[in-house]
Amino acid sequence: MVIAIGFEGSANKLGIGIVDTKTNTILSNCRRTYVTPPGEGFLPRETAQHHKSKVLEVLKEALAEAKLSQDDIDVICYTKGPGMGGPLQVVAIVARTLALLWNKPIVGVNHCIGHIEMGRNVTKCENPTVLYVSGGNTQVIAYSRQRYRIFGETIDIAVGNCLDRFARVLKLSNDPSPGYNIEQMAKKGTKLMSIPYCVKGMDVSLSGILSYIESRAPGWLDQGECTPEDLCFSLQETVFAMLVETTERAMAHTGSNEVLIVGGVGCNLRLQEMMRLMCDERGATLYATDERYCIDNGAMIAVAGALEFETGQSTKLEDTFVTQRYRTDEVFISWRT
Amino acid sequence: MSHIAKKFKLTESEAMDSSMLICFKQGAEGRIFKTNYLGKEVLVKERFSKKYRHPDLDKVLTKERITSEIRGLMKCRTAGIRTPAVYAVNSVQNQIIMELVDGKTVKDVLLVLEQNMKHNNISTEEDNDYEMSVDEDSGDEEDAVDSSEVNGKIKNKQSSVPPTPVAPSVSEISLSNDDKTKAQTFLSNIIAYTGEINLSISSDRESNRGKDSEKSNQESGNLPTFQLSKDELFNLIKLLSLQIGQTLSTMHANNIIHGDLTTSNMIVDRNNCLVLIDFGLSVIKVSTEDKAVDLYVLKRAILSLHSIFSRNMFDWVLGAYRRENKKQAEAVLKTFAEVEMRGRKRCMVG
Ligand SMILES: Nc1ncnc2c1ncn2[C@@H]1O[C@H](COP(=O)(O)OP(=O)(O)O)[C@@H](O)[C@H]1O
Ligand SMILES: [Mg+2]
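Protein chains in written order, with our numbering: chain V, 556 to 892; chain Z, 103 to 452.
It is possible that part of the hints are untrue.
Said to hold, decoys possible - No farther apart than 20 Å at their CA atoms in a straight line, the calculated lysine to aspartate or glutamate pairs in the DMTMM-like style are these:
hint	chain 1	residue 1	chain 2	residue 2
1	V	K726	V	E813
2	Z	K220	Z	D210
3	V	K746	V	E769
4	V	K679	V	E813
5	V	K742	V	D629
6	V	K743	Z	D158
7	Z	K161	V	E681
8	Z	K436	V	E846
9	Z	K284	Z	D333
10	V	K743	V	E784
11	Z	K153	V	E836
12	Z	K332	Z	D371
13	Z	K153	V	E813
14	V	K746	Z	D158
15	V	K746	Z	D160
16	Z	K136	Z	D333
17	Z	K429	Z	D371
18	V	K742	Z	D158
19	Z	K153	Z	E166
20	Z	K127	V	E813
21	V	K577	V	D629
22	Z	K127	V	E828
23	V	K679	V	E865
24	Z	K153	V	E780
25	Z	K153	V	D835
26	V	K746	V	D711
27	V	K742	V	D730
28	Z	K127	V	E836
29	Z	K136	Z	E148
These aren't lab readings, by the way, just hints derived from the structure by calculation.
Excised from the complex, chain V in its bound form (with noise of 0.2 Å):
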């Protein structure tokens, strides 16, 4: 039973976060987004430069709103990768730096592990199907034999860049995501454009979509053959099946009965909608949860850092590197049976 902080950094969004193992409750989970202008992705030096001026007073914040002073914490928890290399570091060297001032272990956690741990925690499911869709990620994932195990991921670019870089296409803004605000304008959509469809078993590839709309959208805005609307609408609808698809591919595979959607884009609604409606069809059961939770933030490293920390292992000091690519199934579940 700890109290332990966690400290995320591995994209646009810095979040530290505090929580209770005790009472299993989120003491404090506070956050601050890069935002690019519109037409524009986050590049790593001035990502990194936000987290540093950010990440002194976010840290005073999370200790204020969990009414804590630095006694209090047991475990220091961050993020180790994946992610972008000169955000991981300054986080890093934050935490590391906090772990000897304070005198406390430190916990490096997996990224993707973190969002995993934070939506069973919140939704309670036992052993779900998990499909974990973010910026960077694409994976549907089971857990087996002290391993989560990618059972489908994209083969080439992750579903939340994807839309990124269709809303660059179209200039919309990124505030507060490109992802939130295609899911508003899919609303009003209502022709579906004819796009490639494209699942090989339980991987989806989502360049050749990307390219094909790239290509074609200026060409059918122009002559009017459909609107901006309609070409999120369209996008959406054809994405998020193919994602529901390779989910239930999964499953029926496994032989699972539960999902659990974790990562940015699982907070899009319509993406929860669709795969209730297969869950229905299966007689399974969909655990989602909002964008507190979703999107990356300090509680989830905080949350995964404490299971491992609590079966008694800590990271060794010179081990607190980062590392940009870290796939979810190199890491050893020492928590689960």
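Got chain V; can you put chain Z with the ligands on it based on the hints?
Below, chain Z with the ligands alone, put in the same frame as chain V:
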């Protein structure tokens, strides 16, 4: 799986006994029923409309997949690969009426073997080298690959380490005639076991679950146990891998891409013969890339569900695949390495 009896109507023109259909499997794409057709016990695969999909997309996909499935099944037959015979197609209800193969899926055979391994306390060392990323470039300052991916610009690319594809490991299968015969006998015994097999991954390991786990514990308690030594067990896996590799090589040589190669989509029949099923995602294509992705999909399916055997099994499949057709295998495996590398090199931000 619970047996749901379901009554449903067939069009008048179908010469089909419209008795009760027994839904005995809910696959990923459709429901599978057993019924009588012209006095024979047959299997009906029905693709019902998926409510989660836009109706236009649903219609297109359903038609496409039925067409692909029939084409794939037929093409394989012509190429000498065992697939269920297609008896009839009901395009109104999107049904394919086909031969019911008497046998077990490779998945079930492997799960029985895994269960037996645990029962006989046999262990493998598989997990020590489970698919680690080959390259661990820990965060040095600016990451060019990431920035180029995230921004859709390629300009910084040269400053990153050039990605190098790693050739997949391929193991030749050595299996003496004696061992082979023995493995055949064991396999027949497993196939002949007629009880229900319903193992889902890890459900037997979750200690604090409700009814579900009790149920599956009971079922796994009913599983046949065989006294297999570790060698015998691996010989059996070699035998399966050999058949899988050979069959896939022939399939690819005929430019048939299966599209959904998993151990659920392979059945071993009563003659220990490998039967390929589920061709809904298949395409006919002369494409090394697609053949490589086909194998990649299979590798992932084996690695994820059968991790206990994955260390050897896929290498053996590739060994048999290569032995069958060297020229094809060389090209496909080269592309396979590239496909795999793409997965590893992918930007994983967020
Ligand atoms: N011809 C057949 N004979 C015996 N069993 C079959 C046959 N076809 C399918 N099955 C069983 O039904 C399951 C689902 O069928 P499949 O064709 O793979 O559908 P899906 O596309 O839904 O996965 C298979 O895994 C297999 O166990
Ligand atoms: Mg199938």
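Hints, one by one, checked against the model:
1. With a C-alpha separation of about 37 Å, the suggested pair V:K726 and V:E813 falls outside the 20 Å cut-off, and the hint is violated.
2. The hinted pair formed by Z:K220 and Z:D210 meets the criterion: a straight-line CA distance of about 15 Å does not exceed 20 Å.
3. Proposed proximity of V:K746 and V:E769 is supported: the alpha carbons are some 18 Å apart, at most 20 Å.
4. Among the hinted pairs, V:K679 with V:E813 is consistent with the structure: their alpha-carbon atoms are about 11 Å apart, no more than 20 Å.
5. Simply put, V:K742 and V:D629 have alpha-carbon atoms about 45 Å apart, too far for the 20 Å limit, and the pair is violated.
6. For a cut-off of 20 Å, the pair hint linking V:K743 to Z:D158 stands: about 18 Å separates their Cα positions.
7. The hinted pair formed by Z:K161 and V:E681 fails the criterion: a straight-line CA distance of about 35 Å is larger than 20 Å.
8. Restraint check: the Cα-Cα separation between Z:K436 and V:E846 comes to about 42 Å, which exceeds 20 Å; the hinted pair is violated.
9. For the given pair, Z:K284 sits about 11 Å from Z:D333 by alpha-carbon distance, which is consistent with the 20 Å threshold.
10. Distance hint between V:K743 and V:E784 is fulfilled; the C-alpha atoms sit about 6 Å from each other, no more than 20 Å.
11. For the given pair, Z:K153 sits about 8 Å from V:E836 by alpha-carbon distance, which is consistent with the 20 Å threshold.
12. Pair hint Z:K332 plus Z:D371 does not hold up; C-alpha atoms about 24 Å apart against a cutoff of 20 Å.
13. Of the supplied pair hints, the one linking Z:K153 and V:E813 holds, its CA atoms being roughly 18 Å apart against a limit of 20 Å.
14. Taking the CA atoms of V:K746 and Z:D158, the gap is about 10 Å. The hint holds against a cut of 20 Å.
15. For the proposed pair V:K746 and Z:D160, the alpha carbon gap of about 15 Å is at most 20 Å, so the pair holds.
16. With a C-alpha separation of about 38 Å, the suggested pair Z:K136 and Z:D333 falls outside the 20 Å cut-off, and the hint is violated.
17. Between Z:K429 and Z:D371, the direct Cα distance comes to roughly 30 Å. Violation of the 20 Å bound is thereby established for this hinted pair.
18. Taken as a hint, the V:K742 and Z:D158 pair is honoured in the structure, with Cα atoms around 17 Å apart against an allowance of 20 Å.
19. Pair hint Z:K153 plus Z:E166 holds up; C-alpha atoms about 17 Å apart against a cutoff of 20 Å.
20. Only pairs whose Cα atoms come within 20 Å are accepted, and Z:K127 paired with V:E813 is accepted, the gap being roughly 18 Å.
21. Pair hint V:K577 plus V:D629 holds up; C-alpha atoms about 12 Å apart against a cutoff of 20 Å.
22. Note on Z:K127 and V:E828: the hinted pairing is violated, with a Cα-Cα distance of about 25 Å set against a maximum of 20 Å.
23. A hinted pair counts as satisfied when its Cα atoms are at most 20 Å apart, and V:K679 with V:E865 qualifies at roughly 19 Å.
24. Using a Cα cut-off of 20 Å, the hinted pair Z:K153 and V:E780 is violated, with the two alpha carbons roughly 27 Å apart.
25. With a C-alpha separation of about 10 Å, the suggested pairing of Z:K153 with V:D835 holds against the 20 Å cut-off.
26. For the suggested pair V:K746 and V:D711, the alpha carbons sit about 27 Å apart, so the restraint of at most 20 Å is broken.
27. A C-alpha spacing of about 18 Å is found between V:K742 and V:D730, which places the hinted pair at or below 20 Å, so the restraint holds.
28. Distance restraint check for Z:K127 and V:E836: the Cα-Cα separation of roughly 13 Å lies within the 20 Å cut-off, and the hinted pair is therefore satisfied.
29. A C-alpha spacing of about 11 Å is found between Z:K136 and Z:E148, which places the hinted pair at or below 20 Å, so the restraint holds.
In the structure shown, a violation is registered for the earlier hints numbered 1, 5, 7, 8, 12, 16, 17, 22, 24, 26, in ascending order.
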